[in-house]
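*Asks:* The residues making up each chain are set out below.
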Amino acid sequence: MPSLILRTATLYLMPMLLLLSAFLLLRGHYLPGGGFIGGLVAAATFSLHCLAFSAQATRELLRVPPVSLAAVGLLTALLSGVLSLGEGAPFLTGRWGRLDAGVLGVYDLGTPLLFDLGIYLVVIGATLSIVTSLAEEA
Amino acid sequence: MLWSVLAGFILAPLALLPAGPAARWRGWFQALLPLGLTLYFLGRLGAVAGGQVLIAHQSWVPGLGVDLAFYLDGLSLLFALLITGVGTLVMAYAGAYLHGHPQQGRFFFWLTLFMASMLGLVLAGNVLTLFIFWELTSLTSFFLIGFDHQREAARQAAMQALLVTALGGAALLAGLLVLGQAAGGYDFATFLSRGEVLRAHPWYLAGLLLVLGGAFTKSAQVPFHFWLPSAMEAPTPVSAYLHSVTMVKAGVYLLARLHPVLGGTPAWFWLLTGFGGATLLTGAWLALRQSDMKRILAYTTVSALGGLVLLLGVGSEAALHAALVYLLAHALYKGALFLTAGAVDHAAGSRDVNQLRGLARPLPLLAAAATAAALSMAGLPPLLGFLAKEALYRAALAAPVAGLLTALAWTSGVLLVAAALLLVARPFFAAPRTPRADLHAPTPALWLGPLLLAGGGLLCGLAPGLVNRPLLAAAGAAVTGGPPVPLDLALWHGVDAVLLLGLLTLAAGVALYVNLGRLARVPALWRGAPGWGTARLYELGVAALYGLARRQTRILQSGYLRHYILTLVGFAVGLTALTLVSRGLSPSLPGLAELRLFEGAVALMILCGALFAVFSPSRLSAVVAMGTIGYGVALIFVEFGAPDLAMTQFVIETMTVILFVLSIHRLPTYLPRSSRLVQGRDALLAIAAGGLMTLLMLLVLEAGGGSRVAEFFAEQTWPAAHGRDIVNVILVDFRAMDTLGEIAVLTLAGVGVHALLRLRSKAGEN
Chain P
1 MPSLILRTAT LYLMPMLLLL SAFLLLRGHY LPGGGFIGGL VAAATFSLHC LAFSAQATRE
61 LLRVPPVSLA AVGLLTALLS GVLSLGEGAP FLTGRWGRLD AGVLGVYDLG TPLLFDLGIY
121 LVVIGATLSI VTSLAEEA
Chain S
1 MLWSVLAGFI LAPLALLPAG PAARWRGWFQ ALLPLGLTLY FLGRLGAVAG GQVLIAHQSW
61 VPGLGVDLAF YLDGLSLLFA LLITGVGTLV MAYAGAYLHG HPQQGRFFFW LTLFMASMLG
121 LVLAGNVLTL FIFWELTSLT SFFLIGFDHQ REAARQAAMQ ALLVTALGGA ALLAGLLVLG
181 QAAGGYDFAT FLSRGEVLRA HPWYLAGLLL VLGGAFTKSA QVPFHFWLPS AMEAPTPVSA
241 YLHSVTMVKA GVYLLARLHP VLGGTPAWFW LLTGFGGATL LTGAWLALRQ SDMKRILAYT
301 TVSALGGLVL LLGVGSEAAL HAALVYLLAH ALYKGALFLT AGAVDHAAGS RDVNQLRGLA
361 RPLPLLAAAA TAAALSMAGL PPLLGFLAKE ALYRAALAAP VAGLLTALAW TSGVLLVAAA
421 LLLVARPFFA APRTPRADLH APTPALWLGP LLLAGGGLLC GLAPGLVNRP LLAAAGAAVT
481 GGPPVPLDLA LWHGVDAVLL LGLLTLAAGV ALYVNLGRLA RVPALWRGAP GWGTARLYEL
541 GVAALYGLAR RQTRILQSGY LRHYILTLVG FAVGLTALTL VSRGLSPSLP GLAELRLFEG
601 AVALMILCGA LFAVFSPSRL SAVVAMGTIG YGVALIFVEF GAPDLAMTQF VIETMTVILF
661 VLSIHRLPTY LPRSSRLVQG RDALLAIAAG GLMTLLMLLV LEAGGGSRVA EFFAEQTWPA
721 AHGRDIVNVI LVDFRAMDTL GEIAVLTLAG VGVHALLRLR SKAGEN
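Residue numbers (our numbering), protein chains in the order written: chain P, 1 to 138; chain S, 1 to 766.
These are computed hints drawn from the structure, not numbers from a lab.
Cβ coordinates follow ideal geometry from the N, Cα and C atoms, glycine included.
Fair warning: there could be bad hints in the mix.
[Stated by the list, open to error] For the chain S half of the interface with chain P, some residues (derived, Cβ under 8 Å), not all of them:
| hint | residue |
| --- | --- |
| 1 | HIS493 |
| 2 | ALA497 |
| 3 | SER588 |
| 4 | ILE652 |
| 5 | THR654 |
| 6 | THR656 |
| 7 | ILE658 |
| 8 | ILE664 |
| 9 | ARG724 |
| 10 | ASN728 |
| 11 | ALA736 |
| 12 | ALA749 |
| 13 | GLY750 |
Extracted from the complex, chain S is given alone in its bound form (with noise of 0.2 Å):
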């Protein structure tokens, strides 16, 4: 199990090898890899519906307790056949929807990359492990849905979904950790089974609603739904592929993980039903008013998403089962319809439902899966969308506010019957004002994939045998905590309150969509409050951190090196001087008695520098006046044995006086134009800085011979890193980790100096 999500992580770089005249196959071949796992999968589902949950365990980080933790049970496996099967179609349709593009194999890098992450978040078995690849599972996305990333559009909303789901998913985090602390157990095994000490625990909500900040971010619930809509300038594959099938619903899938230890409480109830609720009539509703396919898709799964956060708040068997089987039928209707909008992009050139007319001659396979697909997604029988909505019917009629649940279930099921009709109705069966004779043919990865995804809903709604006993039942006794329970799954229950409530929303779904162009000229109702809030709170919100980050930079990196020299002193001398005054500590002077000649030369020699130094009309001579107080300073540490210390000053000291030649040369001549106030201010601050350099050594030279260090170093430079000279030991062994970071970052300043002066001067050449 380790290997199936590693797998992918391991492969992904494969597609970034250049494949030449064979890069029309690529999308076939890079199907293999979930084609593969698909049927590795389905190995895995007689274990797991006779109930056995699958465990594999790798140490990880030892040291801090975290394990690459991986668990199999039937919810585990729903997703996870969901994830490499859908994957494996949309692979192959990618391949053939990116025919042609230069950026085709790091589409499919990211693609699979990706599909590992998601594998893994669905398989892990310990809530760390889970929230990692729900990160990477964000960050792929971010990467997909910026894949066309010289539109600004689409950077803009790969960034948007991004923060809004990396900001969730810090919530999750710090959710995850509470109540794995709560539970005293990360660990799936531990964790599941604590639910009555969480439920009880006085953190239980502060837990609950930092995850469900992670879940409804992710799942694009309201107030975070706009994400989703925008994350639609991905390429299509990505759109039906992250943002309709998988991604998404990794909230959902978290929830409906924790229902069995989470689940049950008023607030849980209160919390999802409410937030489950809005998002399912906002989707339905708002995908009404988009006139692309796949903004109405988009829409739609906003809305799906709700519906699903609904049925798990309402948490009872029959709302539970009616959620994996929405689930299903929601994946397979509009992955799907997704796949179709884009293969119609891709033969007509157009998505906008008012434009397209009459598909279904030109496009009959294309036609034959939109129609299913739309036909499940309005809840017609016998396909499994029919079977999902009769559940959740069934399931809201049952609920403690059943009144109200029902009127929302079925006020969103009227708006998805009109949406699924302005999805196919037109585009395919209208006549067309003009025949079309510049449509592509679609290849049959263009068309395969949809028509297996719809023609699944169908079998699965003919013969929900297939579905429920070895996969459904499994799930739901995941979900449930119980065990596992056949879900009641008949086209026909008899004439009941259900069968009435659906044919209700039939007719007046098909009567909404037969008006909705008078609608649409009801100004008030069809364009609503300009910005709906959290979009444009997130707008201000990013635009304030822009300016934010301006206004900061501008008073912190000012771009004048005198000023940063100015702070770094200045606080470094207001700092150690305050520090010295208030421990009231000031050094005896040394008398001048002890002074040789030699020394005496060479304080002199120093000290006429520093002047000549301060006081030079030219750069050039200043520089070399400076070099003679290094020397001058060499000159002290030979006189008191330092050898080593004498040689690198020597030469450190010549290399900087050739750099400071080579740079200053190209400035031009220098003019004292500084104020005297200015130059006072600096005089002053220099003297300070020298002053309690001074007064450092001085202080250093009388406590000297409290620290054991240097003693220490020479005892064990010979026993324990078989040198004899101390200095270097102490750079090559001692403390080889110091010496390692600074020639790496010497290294960075060489790469970064060459860098800045040839992009100069190539910039100057052109």
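If we strip away everything but chain P, and leave its shape as in the complex, we get (with noise of 0.2 Å):
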């Protein structure tokens, strides 16, 4: 049985652990950070989540299993080098836009972003997919 204070610093922690590994996606191309530490943020995140409560529990959070998360990241990751193929030029060739967010701001959006979501998503359902499996186990 796993200790109480595990379990509240768990429910406190995690909301945190989760925006940091969001904050770490995004600011990726610029600043140290991408979809690969993100994404193995975020699972250790939910794999401390497992250990305090139990591998159910965690897949009922997750609510779709960690293997389809990583099917649809490598199909994210496909999909943004299959984009460029349109204007003809290689497949993973990196295209850029502005988004113009009025008051929230000017951002520039690329598909190498849609490739890193599909870096994190893979990397969160690939080692969840094993801790979950692990830990059900036991």
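With the hints in hand, could you dock these two chains into one complex?
*Replies:* Dropping the structure here:
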């Protein structure tokens, strides 16, 4: 039976850790970070939840099976590569556009971000698939 | 024309849709596509008979110069009509034959795919396109033979057919490449016009032998004939369609197609007549020793294929024309007989000619079809088989080694007459021992196919003009390489040697059939040598292959993780050390004077962690100690200004410890079981690996600065990739393809672990 302290602490830590992982993912292209690190942080967060509660609880929290998450990530990454094919450019060529969101600021968005999102999901999905399977076995 | 081939591939998955109560109409529905294609090709009849060659080009892999090219002349049209026409009947037939079968949809899926592949093969306008479709027919045939995959025999037969034809296919590819290189082009337009060049080329014989390897395996020539009778494990519609009318004739098609460029040389003549003649005789003789209708038919098919190859080998105009008539006649009567055999099996529950009796009364339509087809096979007027046999004799009598070839043709003709009688006489017309009341009445789909095919044989025999000028003449032009000349097809040529030979054949055949029982009692004659050589050779070959696989697996895949690690690390250390020594590289040791307190402390922490991990009595504490090593490394990253690496290292290290803990706590308690010797070996290897790594790092530091990669990335990160963080830009842009591969591997690993653990826990529950 995991400790009550761990459980309570986990519930407080999780939102912040997940926020951190999203932050790392989004700033990736300009400052240290990226989908890989972000994904690992998120995976570690859910692993913590898994240790504090149970694999079953983590699965319910995720709602989708981790393996599907990984598959969706892989498809997202592929999709980001295919987008450039439409313009006759080679597979995986980076394409950039500017999004003007008015009060919220101006953002440069590109297919590498989509690719990073794919990596993020794959890392979370694959890692959690292994972690929850192992934890469930126990 | 492109779409006529692609339609099958595109529409085939429709068959996989669940049909519900409409499943009983599925056969008729599936027959619509071949029916439409038949009409399409009939519409091309006029143009092709006029000597036109229809060509379609679709660029496919322009970088390699490979095009999807299609080519429709008389020969292709003859085959295309056989494939689509018989295909229509077989689809409708299969709907009734497999009525209520749970995998019916899958069957039609493969059958449609096969039809499309076969069409592609005969319409291919480029030797490489031809090869691709050739292999597709082998593949689809594998799934069709093994359709009843729960039976061992069906699986073995499918594997056998695939191995034999795929080996031949490999030879064919090599042969086509050799010939294409020699001819200077792979398109038929070029290839077929370079006969002179090819025949005089030094590679001619090599190319010919390789191509024959492909054609002979596909068309079941001796000594590769054994796969065809085994393939009778397939459902009967498949046997009728693939193994008598279409796929096995692919080899014949190829030889006919290549005859204008490769034919006419002594090598061509002797190889084809030799193997064809041997097959003609062997097939007919072995057919008589069978009692299963399908196996009798399979061996007579082998015999007919031998006859076709023989005629193509002779190569005179008469012989080539004879081959075309024989081809059409055989397709019609053999298709009808196969479908009849299946319908009889469906109705009476047996295909044994020694068991079945008196089926003519309960199954009159099938009996009529079977009789007409068998008479055509025996070569009786006024059926098309008669014309084919006359043409065969006429060609043999005029051939270079007339005596031998005529004797061969006559002997096999006699055997085939006996086989035809064996097939229909007793099963349909003998008085039944007991009246049978348990016969299922066949549905129209089951008797329509055989009746139409047998009727076609009769019609073409009575009025050969129907197919002569529009179809066979143009096909003849493609095979001879000359202008279209109508074939000499007449039921009455007056009393000549050919007619006498035919009468003699019939008389001897009937005599042979009557005395078959007596013959069967001579064991030396009937049993023959046990195992006819090549089939046994195949078995030995496959067994040897399995043995080799098992042995090398036992050596290479011991199943012990420690052995794998030992091998991997040992090789890495050995090879790297070898390179270093052979290049004479040795680094100079840096002085310790520059070491700062922080670095020293971290190094001490790493060292302590490593020592603790090695000597710890518990796995769990060893894992945690390893974790401190990782954190130490991460601290060094931080110190040297690599925040990306540090962050990744921290998280990875944490995850590794979690994973270790999750899996280790299930293992039994750790006991130091290894002997001193083994421990010493492991320690030595570990020290060697660590030392080598240190050495390498020092060498890298000394050699540093030679590469411009780092500078390039630093300069190009913003202008080329719109990013500022070099590490991330490399991951998602410069080296995105690598990353894609890595995340694919990661996904697979996740799925793999999940599947392994889940499957084991499920097995544990049961």
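*Asks:* All the hints need checking, so say for each whether the structure fits it.
*Replies:* So, going through the hints one by one against the coordinates:
1. HIS493: Violated - the Cβ of HIS493 (chain S) stays beyond 8 Å from chain P, reaching only about 66 Å at its closest.
2. ALA497: Violated: closest Cβ of chain P sits about 70 Å from ALA497 (chain S), beyond 8 Å.
3. SER588: This interface hint is violated because 34 Å lies over the 8 Å limit.
4. ILE652: This interface hint holds because 7 Å falls under the 8 Å limit.
5. THR654: At about 6 Å, which falls below the 8 Å cut-off, the nearest Cβ of chain P leaves the hint on THR654 (chain S) intact, so it holds.
6. THR656: Violated: closest Cβ of chain P sits about 11 Å from THR656 (chain S), beyond 8 Å.
7. ILE658: This interface hint holds because 5 Å falls under the 8 Å limit.
8. ILE664: 10 Å, violated
9. ARG724: 4 Å, holds
10. ASN728: 4 Å, holds
11. ALA736: Hint on ALA736 (chain S): holds, closest Cβ of chain P at ~5 Å, below 8 Å.
12. ALA749: Since chain P brings a Cβ to about 6 Å from ALA749 (chain S), closer than 8 Å, the hint holds.
13. GLY750: Since chain P brings a Cβ to about 3 Å from GLY750 (chain S), closer than 8 Å, the hint holds.
In this structure, the earlier hints numbered 1, 2, 3, 6, 8 are contradicted, and the remaining ones agree with it.
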